[in-house]
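Protein sequences appear in the order of chains A and B.
For the first sequence, the numbering used here assigns the number 3 to the initial residue and increments by one for each residue that follows.
For the second sequence, the numbering used here assigns the number 129 to the initial residue and increments by one for each residue that follows.
None of these hints come from the bench; they were simulated from the model.
One or more hints might be untrue.
[Said to hold, decoys possible] Listed below are the simulated SDA-like cross-link pairs for lysine to any residue, each with C-alpha atoms no more than 25 Å apart in a straight line:
id: 1; chain 1: B; residue 1: LYS197; chain 2: B; residue 2: ALA159
id: 2; chain 1: A; residue 1: LYS105; chain 2: A; residue 2: ASN88
id: 3; chain 1: B; residue 1: LYS145; chain 2: A; residue 2: ASP32
id: 4; chain 1: B; residue 1: LYS227; chain 2: B; residue 2: ARG194
id: 5; chain 1: A; residue 1: LYS130; chain 2: B; residue 2: GLU179
id: 6; chain 1: A; residue 1: LYS151; chain 2: B; residue 2: ARG147
id: 7; chain 1: B; residue 1: LYS158; chain 2: B; residue 2: HIS138
id: 8; chain 1: B; residue 1: LYS158; chain 2: A; residue 2: ASP117
id: 9; chain 1: A; residue 1: LYS99; chain 2: A; residue 2: LEU115
id: 10; chain 1: B; residue 1: LYS145; chain 2: A; residue 2: ILE52
id: 11; chain 1: A; residue 1: LYS107; chain 2: A; residue 2: GLY154
id: 12; chain 1: B; residue 1: LYS162; chain 2: B; residue 2: ARG198
id: 13; chain 1: B; residue 1: LYS227; chain 2: A; residue 2: LEU115
id: 14; chain 1: B; residue 1: LYS170; chain 2: A; residue 2: ALA113
id: 15; chain 1: A; residue 1: LYS112; chain 2: B; residue 2: SER157
id: 16; chain 1: B; residue 1: LYS162; chain 2: B; residue 2: LEU219
id: 17; chain 1: B; residue 1: LYS158; chain 2: B; residue 2: THR133
id: 18; chain 1: B; residue 1: LYS143; chain 2: B; residue 2: SER176
id: 19; chain 1: B; residue 1: LYS143; chain 2: B; residue 2: ALA166
id: 20; chain 1: B; residue 1: LYS170; chain 2: B; residue 2: THR228
id: 21; chain 1: A; residue 1: LYS130; chain 2: B; residue 2: ASP211
id: 22; chain 1: A; residue 1: LYS107; chain 2: B; residue 2: THR228
id: 23; chain 1: B; residue 1: LYS145; chain 2: A; residue 2: ILE120
id: 24; chain 1: B; residue 1: LYS197; chain 2: A; residue 2: ARG118
id: 25; chain 1: A; residue 1: LYS112; chain 2: B; residue 2: ARG198
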Amino acid sequence: MPPLHTYSVEAASIFLMPNKTFPAQFEFLDEIRELVAQVAREGGFTEKEIYSLQLAADEAASNIIEHAYEGVSNADLYITCDVHGNAITITMRDTGKAFDPSKVKQPNIKADLSDRQIGGLGVYLMRKLMDEVRYESNSRTGNLLTMVKRKG
Amino acid sequence: MEITTQEYKHCDLIKVKGRIDSATAPEFSKALEKATEAGHFKIAVDMSELEYMSSAGFRALLATQRNCKRYNRGELVLVTVPDRIREALELAGFTELFKTFDDSIAAVGSF
Numbered sequence: 003m004p005p006l007h008t009y010s011v012e013a014a015s016i017f018l019m020p021n022k023t024f025p026a027q028f029e030f031l032d033e034i035r036e037l038v039a040q041v042a043r044e045g046g047f048t049e050k051e052i053y054s055l056q057l058a059a060d061e062a063a064s065n066i067i068e069h070a071y072e073g074v075s076n077a078d079l080y081i082t083c084d085v086h087g088n089a090i091t092i093t094m095r096d097t098g099k100a101f102d103p104s105k106v107k108q109p110n111i112k113a114d115l116s117d118r119q120i121g122g123l124g125v126y127l128m129r130k131l132m133d134e135v136r137y138e139s140n141s142r143t144g145n146l147l148t149m150v151k152r153k154g
Numbered sequence: 129m130e131i132t133t134q135e136y137k138h139c140d141l142i143k144v145k146g147r148i149d150s151a152t153a154p155e156f157s158k159a160l161e162k163a164t165e166a167g168h169f170k171i172a173v174d175m176s177e178l179e180y181m182s183s184a185g186f187r188a189l190l191a192t193q194r195n196c197k198r199y200n201r202g203e204l205v206l207v208t209v210p211d212r213i214r215e216a217l218e219l220a221g222f223t224e225l226f227k228t229f230d231d232s233i234a235a236v237g238s239f
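Just chain B, same shape as in the assembly (with noise of 0.2 Å):
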């Protein structure tokens, strides 16, 4: 997994490319967290380049947009989700909590 944060003058973009399971699901929530503990509140999440997400994932997503949604200080989004990623989503009711873009000028644009 690896994990790059632009930060734009609205929002902070983090791409997170490869694999997210139980393993790797801390340092993904590590890189959330940096962006949250600075005060930034609006976080898109670009999957384009990302293969595979299991609950740990969902997980360290749900507490981020918790977090992120409090006090109406932000959103957490999710930008180009890959369709078994999309799926398993779904599966878990996961996709009604975060809205998704196709592409990340449109999230970045969103904030």
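Excised from the complex, chain A in its bound form (with noise of 0.2 Å):
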């Protein structure tokens, strides 16, 4: 990591840190896309680039929406977006349950038509599609997910 300076942080801060709030519901994952294309356009990436970046968006939205916050209704989902330089970052914190990335199993994407599993799909494309996926869980302040794509 390159150093920064203190004043373009707070510049990059002000200017390129969409901080939202949405509610956790599949209805609003356009609007999720929609912000990460914004800013993702803003920032110099490609549309093949930008394409990408909103299915990661999508999945790990859906995934926090379907998994973390089963069974809830009235959830809020807090979405930063940012661009630094050549690379984007992309967090989404839930207060839902916590999600163990480890427990989930590895698709096999060379399997049969029969043996075709769905499951873990989303997050396999994410791993895939972006440069890093991070998970923190934390008590008091919920589940953070933190994930990062650099140009080219």
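Take the two lone chains and join them into the complex the hints point to.
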């Protein structure tokens, strides 16, 4: 990581760090993808990369809504999206059930039709599409997912 | 998302426009189930005007392909898959599970 000057971090935080709260419902996935596309486009990512970022963000948000907030209504999803230099960082925070990615079995993407499992495909795609995917769970602040993708 | 189904003599052509995600995938599944419940197991899905598909859409395609191929009674094929969607399907290893055609005439004619 190159050193960052304090003033540039602050300037970037103001102009490039939309911090948005979305209701944790599938109907808001469109808006989440739109937010990611907007920030990535302004940050100079290609259309192909933007599609990948939208897909990764969608899979992440869908998983949170479906699993972390399973059976919960009125829940929120807190998203930040930020470009620094040649990398975009997307974070998603929720207060639902903790998620242990090591328990997600990697899907066999070469299996026959009858043996194909769809579970775990979202996490698999996120890892393939992004350069970094990290999860942290904290009983006080909730779950934090951080995804990073560099240009090119 | 918008879905139109055309019934041909040998297959159903289902055209889906717009975006398939976790919010819209149930409606896409319903359109596919409507065909299979009517005993139509030869299905071509026209994606020429599809802008986006997440794994929720992949799931619907997979479930339908399993149903269609059971007892060798049919198959689901994909038509005019946009590049971005094809790349995502490839990443998930799904391209091997579906025949693809460049246009709907070729797809309908294949049945």
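- Item | Numbered hints the structure breaks, given as an ascending list | Failing hints, ascending: 2, 9, 11, 16 and 22.
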